[in-house]
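The listed protein sequences derive, respectively, from chains A and B. The working numbering numbers the first residue of the first sequence as 109 and each following residue consecutively. The working numbering numbers the first residue of the second sequence as 2 and each following residue consecutively.
Keep in mind the hints are simulated off the structure, nothing from the lab. Among the hints, erroneous ones may be present.
For lysine to aspartate or glutamate, the following EDC-like pairs were computed, each having C-alpha atoms within a straight-line distance of at most 20 angstroms [as the list claims (entries may be wrong)]:
| id | chain 1 | residue 1 | chain 2 | residue 2 |
| --- | --- | --- | --- | --- |
| 1 | B | K160 | A | E220 |
| 2 | B | K304 | A | E200 |
| 3 | A | K308 | A | D327 |
| 4 | A | K186 | A | E200 |
| 5 | B | K160 | A | E200 |
| 6 | B | K237 | A | E200 |
| 7 | B | K160 | A | D172 |
| 8 | B | K304 | A | D455 |
| 9 | B | K160 | A | E222 |
| 10 | A | K417 | A | D431 |
| 11 | A | K489 | A | D460 |
So the chains spell out like this:
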Amino acid sequence: MPHRLELTGITKAFPGVLANDNVSFSVKPGEIHALLGENGAGKSTLVKMIYGIMQPDAGSIAWDGEVVTVANPKAARKLGVGMVFQHFSLFEALTVLENIALGMDAKIPSRELEARIRAVMTQYGLLLDPHRTVATLSVGERQRIEIVRALLLDPKLLIMDEPTSVLTPQEVEQLFEVLRKLAAQGCSILYISHKLHEIKALCDTATILRGGKLVDTCDPKQETSRSMAEKMIGAGLKDIVRAEGRALGKPKLVVSRLKTEKAGHFDVPVDDVSFTVKAGEIFGIAGVAGNGQNALLDALSGEIRSDDKDAITIDGYGIGLLDTTGRRKRGLCAVPEERNGHAAVGDFTLSDNSILTARDRLGMVMMGLINSGAAKTYTGKVIADFAVKALGPASTAGSLSGGNLQKYIMGREILQKPSVLVVSQPTWGVDAGAAAAIHQALVDLAAAGSAIVVISQDLDELRALCDTLAVINMGHLSQARPVGDVTIEEIGLLMGGVHGAEAHDAIPA
Amino acid sequence: MTPELLVAIIVTVVGASTPILIAALGELIVEKSGVLNLGVEGMMLVGAITAFVIVFVTGNHYLAILLAAAAGVATSLIFGFLTLSLSANQTATGLALTIFGTGFSALAGQGYSARPVTLLGPLFPAEIATHPMWRVLFGYSALVYFALIMVVAVWFFLKRTRAGLILRAVGENDLSAHSIGYSVIGVRYLAVMFGGAMAGIAGACFPLLLTPQWAERMTAGRGWIAVALVVFASWKPFRLLAGAYLFGLVVTMELYAKAGGGPLSAIPSELWAALPYLATVVVLVLISIRRDASTNAPACLGKPFLPAN
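From just these sequences and the hints, can you work out the full model?
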């Protein structure tokens, strides 16, 4: 049987960069094939050529044994290539049905389309109400729209570009079931990710790219996450280095009976949350997304102020009534989950973004006048220390890739040497090498005597990083436990299945 | 109140509402495509002077309406070229268009003031509307029926047709629509031209339906009310209908209060003149306070389309 897809010597150059250099690999029918690599390794460029968005400079693409030219996405869809993008191109104010109709090349009467959508959804267990407005759907549900849209075309090859970076663990599991079902029916899947444990769980083959070149093809089930990560970054993976025999200091951040009001339909407030973080301690908060993490971060950062001065104290000083600026002056810095638009202003330069959070702590504003030289110097230091791929302090935040922006934001806060740092999803969408660097920086900050709170959905990250772990579920925080004393099963139980159960709602008729 | 008076009031209300309704329906389509054209008032004035001159010269009302629509399209294309092809700021360009339309119509209308023309008569023969009650249904000119048909047509177009879906998609997320393969600029040009045609026809209503003569700035800010109506009606055609008729009702109350004496005539005329605008905005604000209003706003409204490559 011929290969479903075979790439031979694919080369693509952009001004100044060789994005793909003589890449060859093939995908069999029904195979789940991982495409692995760090940010900028050339994965996206490669699949864009398969999907007809770009044309290769050299090399050939063969489909079912015949060499083809994929002139545009429409031609790709005609061959049977479906693609689910990392950033969804959905219309929020329109319904699921309308969104899917817009993406179809053929004009299908809406009644017939709806019947076909329902058939696909039932077949693969992708539950969605076609008449819901997209704005009311979760990220996982939005992704299902994209998948349904791709499946309606009966694809023979489905390309998934980092599909799980925004999903909860339950949603990831559901997605994997769909993909396995598809593969069993003979559809090939090209799966782009840098989450190695997922690739081990899902994929049959992994092709690893580094710097545009194919460096290895392996069977992920025979590899360890570590060995694949090392192939990706081309060097030994650094372990987190901790100082030996380090003792935790006095309680630094004390949160007692913190609560927030329900702010909107989708908001989960926190209720009666108490915990203590000592100097030098990294305190992890696990939990499935949407269990009050956002409210907790806002309540700690000062975006939501408490009406009790002593609900939050630093070194015994009550900061509950202060706003974000006041808390920053007192030494509490925070990194929210959403980087573009919340942690950084996309249209501002990195230098201006530095001023936004570091102005008071680092004296960037004197008598109302901005000291732009200081901001520039500081931003340059962040870029250098955290290996941010940016042209310089004058690049806009929005021009950086997600991983690089995250590195910049983490660096911007860590280099301010806050005495308390609260971060949400510190390494979301960041590749293994950069994640290790961010982890090390957090550990070093703690070693210097800061108290750190890490809110994350990634249990591996929390277990590697934290001294103490607690779980947030429906706005309540569990008792904190030393990370060595708690098993992954216990954490799983504490996380509860409350949100997972909701995802199994039947399709409304 | 006699039945005859009631009928007369209703007929006046419907007439006074019609230009606002037509202009607002056009602007609704323009805004749904993601473009904010504040030049409605200017395009209406260009339509009004065009219609007046054509009727004055030829006496043909339907030709006047047609050419008023064409004049509106031509004016809207100035806006379209600047904002869509050259990505100029839509707010500033729209304001400039109104100033242009006001000045142009005043210039073109020199020498035409205080020269009477005939109004456009009812569409149906007088025999059908002999009984006063029938006048409520059959006593209007073609422009009134046109406005009502367009309410349904605009609603149907947006909700039930593929072209309407594409138009909404372009206004909702221009970059996504572009990446799927729709021509954002093309769709917006068509929408802006439709808005221009409707504004031109709305302008034609003034000399053909309301006051059979030309007066500078005779649209008296109704174009602005049309723009405001679209927002407060949450971009929904049937709410637009309600808002426009409410405006017409208050305008008519003013006329009858002045004429009829009594307690209502004690209200100063300046307040009466402002009242339709106030009442319409207040009522529609109250309606649009509900949460669904914000989600109905086109997300790309007023933003120029700048694809990455």
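Out of the numbered hints, which ones does the structure contradict?
-> 4 and 7
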